[in-house]
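*Asks:* Here the protein sequences line up with chains A and B, keeping their order.
For any residue, its number in the working numbering is found by taking its place in the first sequence, counting from 1, and adding 13.
For any residue, its number in the working numbering is found by taking its place in the second sequence, counting from 1, and adding 13.
No lab work stands behind these hints, which were simulated from the structure alone.
Warning: the hint list may mix true and false statements.
One copy or two, either will do: identical chains are not told apart, so a pair holds if it fits within one copy or between any two.
[What the hints assert, rightly or not] No more than 20 Å apart at the CA atoms, straight line, and that leaves these computed lysine to aspartate or glutamate pairs for EDC-like:
hint: 1; residue 1: LYS184; residue 2: ASP78
hint: 2; residue 1: LYS184; residue 2: ASP80
hint: 3; residue 1: LYS184; residue 2: GLU116
hint: 4; residue 1: LYS184; residue 2: ASP174
hint: 5; residue 1: LYS184; residue 2: ASP42
hint: 6; residue 1: LYS184; residue 2: GLU115
Predicted model, so just to flag it, every value in this text is computed and none were measured.
Protein chains: 2
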Amino acid sequence: MATPALHPRAGAPRHSPVAGVLLTNGDIDHVAGLLSLREGHAFGVYATPRILSVLDRNPVFNALDRDLVARRPVALGQPLTLGERLAVELFAVPGKVPLYLEEGSPEIGGETEDVVGVRVAADGGASFVFVPGCARLSAALVRRLAGAPVVLFDGTLWQDDEMIRLGAGSKTGQRMGHMSVSGSGGSLAAFARLEVARKIYIHINNTNPILLEDSPERAAVTAAGWEVAYDGMEIELS
Amino acid sequence: MATPALHPRAGAPRHSPVAGVLLTNGDIDHVAGLLSLREGHAFGVYATPRILSVLDRNPVFNALDRDLVARRPVALGQPLTLGERLAVELFAVPGKVPLYLEEGSPEIGGETEDVVGVRVAADGGASFVFVPGCARLSAALVRRLAGAPVVLFDGTLWQDDEMIRLGAGSKTGQRMGHMSVSGSGGSLAAFARLEVARKIYIHINNTNPILLEDSPERAAVTAAGWEVAYDGMEIELS
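Please model the entire structure based on the sequences and the hints provided.
*Replies:* Put into structure tokens, the structure is as follows:
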């Protein structure tokens, strides 16, 4: 799949090539960037009704002028065409409500519309699956991922208690809605059986040692056929 | 006034030297940064009750754990001590409600608690006045600014219809709550009578030609004794 040139249109000082934003989660790291796209640029925001309701409950997102920025509800499993070339489908991923909407101890790992994954297919047939946050690999998710040509997957933590041990936080990965990379219940072990042609860790916390090119943990994921995403990474689909 | 070293504490991987945030406005460019300070770091958010009510109406700001990040209402004119060394006072500035709370045609230039300026004085006597947004120079504001040693002031636009002429937007500066730099009603003319020792333009839109070091507009503000702020600028108070 050839990469279209994405740059502002010549002679249009405030033009942006962003035609749409698809949200897979209502948490801060997924929605705060909308506030940097604000005012005067037309695009669409696509998400489940549940994730869109989070935006609706926060008037700050009205900085995106609703006359220009349409909010488009997308149901799980509903085929959606973006632009002329992309077919998109959302599916439930085990997760939890956004941190800022937690009340007491939230349910972790439910397959609701709070956290979704997305399959993106180009008209030529190339496709990838994007799952930036995942609390556990459910049977439905295993069926969805098995045999996929490219999967970008939650690589938040190496080990569930990593942030606590490093003094960087008080929560486990599980409490934050993330399964770890390592361990018997980790993504490294789980994907060993899924026959995914290309596997890329994304959404990697700065405590995760796979970020260090010379770490044994990086060597372990590389040996298992994973790539570790980096700023500016470009992925060619075929 | 010596500048204290502001850096993360050694051995504390998630420590931040930010002890407090004082908001002068509820608009996106003043509050969105709070979402990058979130989770696990204790500090105070200081603002007028009206500006704090904007945060309260947006659950997304609960990402700042209220047990760690106290919201501190500050009345106009109320003396406030921040840390051990700084005395702070808020005052009304002609402005308007935040863009995302506008309904129909908002009142422009009212002296409410929606937009404020702040005077900051150190214990040694050095002080400055900070006014990042200002729709007009009211009599009260003139009294507040006259003779100040250092003023940081709204330099959004050079000319009121600048964004429209450049095709960068549909609004005048006045409609956005900003007085222009140039013209008979501009800040350049108004400050000529205020005897402010050091004047610095801040909050400068990317259409404003004073940003260009070789522009006639930059020459004009420099000739009038103004400085133009830049990323990383440090201001030494005495």
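*Asks:* Now tell me if each hint is right for this structure.
*Replies:* Consistency of the hints with the structure:
no.: 1; hint: LYS184 x ASP78; verdict: between (37 Å within a copy, 14 Å between copies)
no.: 2; hint: LYS184 x ASP80; verdict: between (40 Å within a copy, 16 Å between copies)
no.: 3; hint: LYS184 x GLU116; verdict: within (16 Å within a copy, 41 Å between copies)
no.: 4; hint: LYS184 x ASP174; verdict: within (7 Å within a copy, 51 Å between copies)
no.: 5; hint: LYS184 x ASP42; verdict: within (17 Å within a copy, 30 Å between copies)
no.: 6; hint: LYS184 x GLU115; verdict: within (14 Å within a copy, 39 Å between copies)
Checked against the numbered hints above, the structure breaks none of them.
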